[in-house]
Structures are given as structure tokens and as C-alpha cells.
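Using the sequences provided together with the hints, build the complete structure.
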Amino acid sequence: MPFVPRLPRVSRRHRIRSRWGARLLTVGVGALAIPAASAVATPEIVLAAPISGPVHRTPAGGFEELMVPSSMGPVKVQVQWAKNGGGAALYLLDGLRARDDQNAWVINTNAMQQFENDDVTLVMPVGGQSSWYADWVSPSNTNGQKFTYRWETFLTKELPDFLAGYGVSRTDNAVAGLSMSGPAALRLAAFYPKQFKHASSFSGPLNLTAPGMPEAMRVMMLSAGQFNRDSLAPPWSPTWLRMDPFVFAPQLRGVPMYISAATGLPGEYDRPNSAGAVVDTFDAMWIESLAMVGTRALQARLSSLNIPAVYDFPVAGTHSWKYWEGELWKARPYILSALNT
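Under the working numbering, the first residue of the sequence shown carries the number 1371, and numbering increases by one thereafter.
No lab work stands behind these hints: they were computed from the structure. Quick caveat, the model's predicted, so the values are computed rather than measured. Check the hints yourself; a few may be wrong.
BS3-like mimics (lysine-lysine), calculated; alpha carbons at most 27 angstroms apart, straight line [as the list claims (entries may be wrong)]:
# : residue 1 : residue 2
1 : Lys-1564  : Lys-1453
2 : Lys-1700  : Lys-1453
3 : Lys-1700  : Lys-1564
4 : Lys-1527  : Lys-1453
5 : Lys-1516  : Lys-1446
6 : Lys-1516  : Lys-1700
7 : Lys-1446  : Lys-1527
8 : Lys-1527  : Lys-1564
9 : Lys-1527  : Lys-1516
Pairwise CB distance ranges, derived in the manner of DEER restraints [said to hold, decoys possible]:
#  : residue 1 : residue 2 : range
10 : Ser-1441  : Ser-1644  : 42 to 48 angstroms
11 : Asn-1454  : Phe-1561  : 29 to 35 angstroms
12 : Ser-1441  : Pro-1642  : 15 to 21 angstroms
13 : Asn-1511  : Val-1649  : 29 to 35 angstroms
Idealized CB from N, CA, C, for every residue including glycine.
Shown next as C-alpha cells:
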């Protein structure tokens, strides 16, 4: 793989807090994913007050935070504007434990450095913990949520409409997701092909109707914000089936895709040096191996439909950010090609 700058590691306490354990998965799961943190130095941020009009506060290639109106209330979106002011954009979606202050692609990877010399705007929404980036049927009644998640509407209508005022195309976009957002990235490209010209999924649970997955998702979502899975969608309902790449696979015909998952065997970024680190690494191994199962299942499904995709199945690698950083670098040429940049 071409050289990708390595960034500093964070404390073990932060990593452990950011990762859910394999013991949640003993209910019997298909492939599922939750990002493990490996935070890096945060770039200098230009804080922006809510913006009511298309006014660039930073030059082309600069980093900015916007507050975007939505049916969920204002949503923070972090952007790195295209190097030369072009209209193409790459949406980078977060994982199950998405934070409310920053998108993890900003703080846990060198994604911005990877695209800093490309004429592509990086669009990194903040928030959406346990949302699966879907439109929910109701607010979660297990954590006092005051509004209904409407993330699909936000990503496909409200956000592109807002960014259009800044010269970002509504149609020349790509989308990438890891873990929880892997199936979301594929779903957005499948159902909104006029908006998204490429989709990447890294270590995503790509067979949500597999035996055990609805039950596993309930446990996952309760552990990440006390969200009620049934407020997302009743299992086996049309809304639930619409979220599953294995089910909507025929809709992916004609969509350029990059899909990856590793075996879960420890790799170059796994160097546990304490008992806690060993447990942490084991969790990441177990989760990634399950992601591999679901990803292979979708590969077989797409193959049966004669739908091509670019796949990467590293022989080593666990469920953590440094590996997703590397997968984004591998997907980058395919993303740029699809966007004609």
C-alpha cells in the first residue's frame, strides 16, 4: 500500500472506552461492527456560527465546521473544501458510537491529509450514534430521545441542498462508511444513484437479516446510547429489509463499489502490552471476523447477480481505525475515478 502518514496513538483508557466488547456478541450475530478508537492529533478547527447563506469562511482546501438545518435540529458537519474549489464531494460516515462533537474520521485517521491535494470536498457529518444513518419510525423511548432520527433524509436532501449553496454538487458525490455505516453507504448509493457515484464499505455488517442479527443489534444499540432498536424499525418490516445490503443487492447494479473486511488476525497495529490491551485486541479480532462473514455473504450474493465490485480481504487486521484509514487509502483511486477528479 502507498505510504500513508502514521499518526500518534492515544491512551489505552480512551481505546477501551470507545470499543464495545465481544461479550455483547455472544447472543449470536452475523457481521456487525463498532469502531474502536485510536485517536490522533486534532487538526486546527475554524469554528463557524450557524450559517444562513453560501459564504465561504475558509479558502479552497480549508477546514470548516458548519451548522446545517434539518428536521432533527441543527447538525454539525465538518468539511474540508476541495483543493481547487471543485464541486465533487466524498461523504465520510461515522460508526455506532459516533460522538456529538467531531466525526471520528477527523480525529482518528489522516483522511483529510489523504485528500488534501484532490479537488474533492470531504463532508463529515457529526452525531448519529446508533442511528444506522436511517430514517427511524419514532424517537427512541428507552433514552428519552426528543426527536426522530431522519438521517437518510438529511444526507440525501437537507445536507446536499445546503451544500449546493457553497458550490458542492448534488450529483457528483461518493460515500464511504465503516462498521455501522458500511451498510448505510451501500444503501445510499443503491437508492440514490443520481447523487452517489461510488460507495465504499469497510468492515460493515452487510447481512442484517442473518440469524441473530436483530437480537445483536438490540444489544449493540442499548450499549451505545440506550437506543431502542424497535424505534429504528421492527425486524422483518419493509423498513428493516430496506436497510439490509443482502436484500437490496439488486439495487446495487451499476454502482461502483469498494468493499473490504479483514480476517480479524492481529496485524501491524495490534501490539497489546498489558492484560487490558490483550482483551481489547481480542474484542477487535472477534468483531472483525464477524464482519468478514457478512461481507463474504454479500460478495456471494452480488456474484450470483453478476454485479461487480472491488473487494479487499486482508489476511491480517482487526476492527480498528488505523486499518480503516488504510482501506480508505486503497479505495481512494476508485473514488477519484468515479468522481472524475
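query = Between Lys-1527 and Lys-1516, is the straight-line Cα distance small enough, at 27 angstroms or below?
reply = holds (22 angstroms)
Cβ separation of Asn-1454 and Phe-1561, checked against the hinted range 29 to 35 angstroms = Since Asn-1454 and Phe-1561 have Cβ atoms about 31 angstroms apart, the given range 29 to 35 angstroms holds.
ask   = Taking 27 angstroms as the top limit, are the C-alpha atoms of Lys-1527 and Lys-1453 close enough?
value = holds (25 angstroms)
key: 27 angstroms Cα cutoff - pair Lys-1564, Lys-1453   = Distance of about 24 angstroms is within 27 angstroms: holds.
key: Pair hint outcome, Lys-1700 versus Lys-1564 [Cα-Cα no greater than 27 angstroms]   = holds (24 angstroms)
key: Distance restraint between Lys-1527 and Lys-1564, which requires alpha-carbon spacing of 27 angstroms or less   = With a Cα-Cα distance of about 12 angstroms, the restraint between Lys-1527 and Lys-1564 holds, given a limit of 27 angstroms.
ask   = Falls inside 42 to 48 angstroms, the C-beta gap from Ser-1441 to Ser-1644?
value = holds (46 angstroms)
key: Given pair status - Lys-1446, Lys-1516, alpha carbons within 27 angstroms   = holds (18 angstroms)
key: Range agreement (Cβ of Pro-1642 with Cβ of Ser-1441, hint 15 to 21 angstroms)   = 44 angstroms Cβ-Cβ, so the 15 to 21 angstroms window is violated.
query = For the pair supplied as a hint, Lys-1516 and Lys-1700, is the alpha-carbon distance within the 27 angstroms limit?
reply = violated (40 angstroms)
Verdict for Asn-1511, Val-1649 (Cβ pair) under range 29 to 35 angstroms = 33 angstroms Cβ-Cβ, so the 29 to 35 angstroms window holds.
request  = Take a quick look at whether Lys-1700 and Lys-1453 sit within 27 angstroms of each other, Cα to Cα.
outcome  = The given pair, whose Cα atoms are some 20 angstroms apart, holds under the 27 angstroms limit.
Hint check: violations occur at hints 6 and 12; the rest are consistent with the structure.
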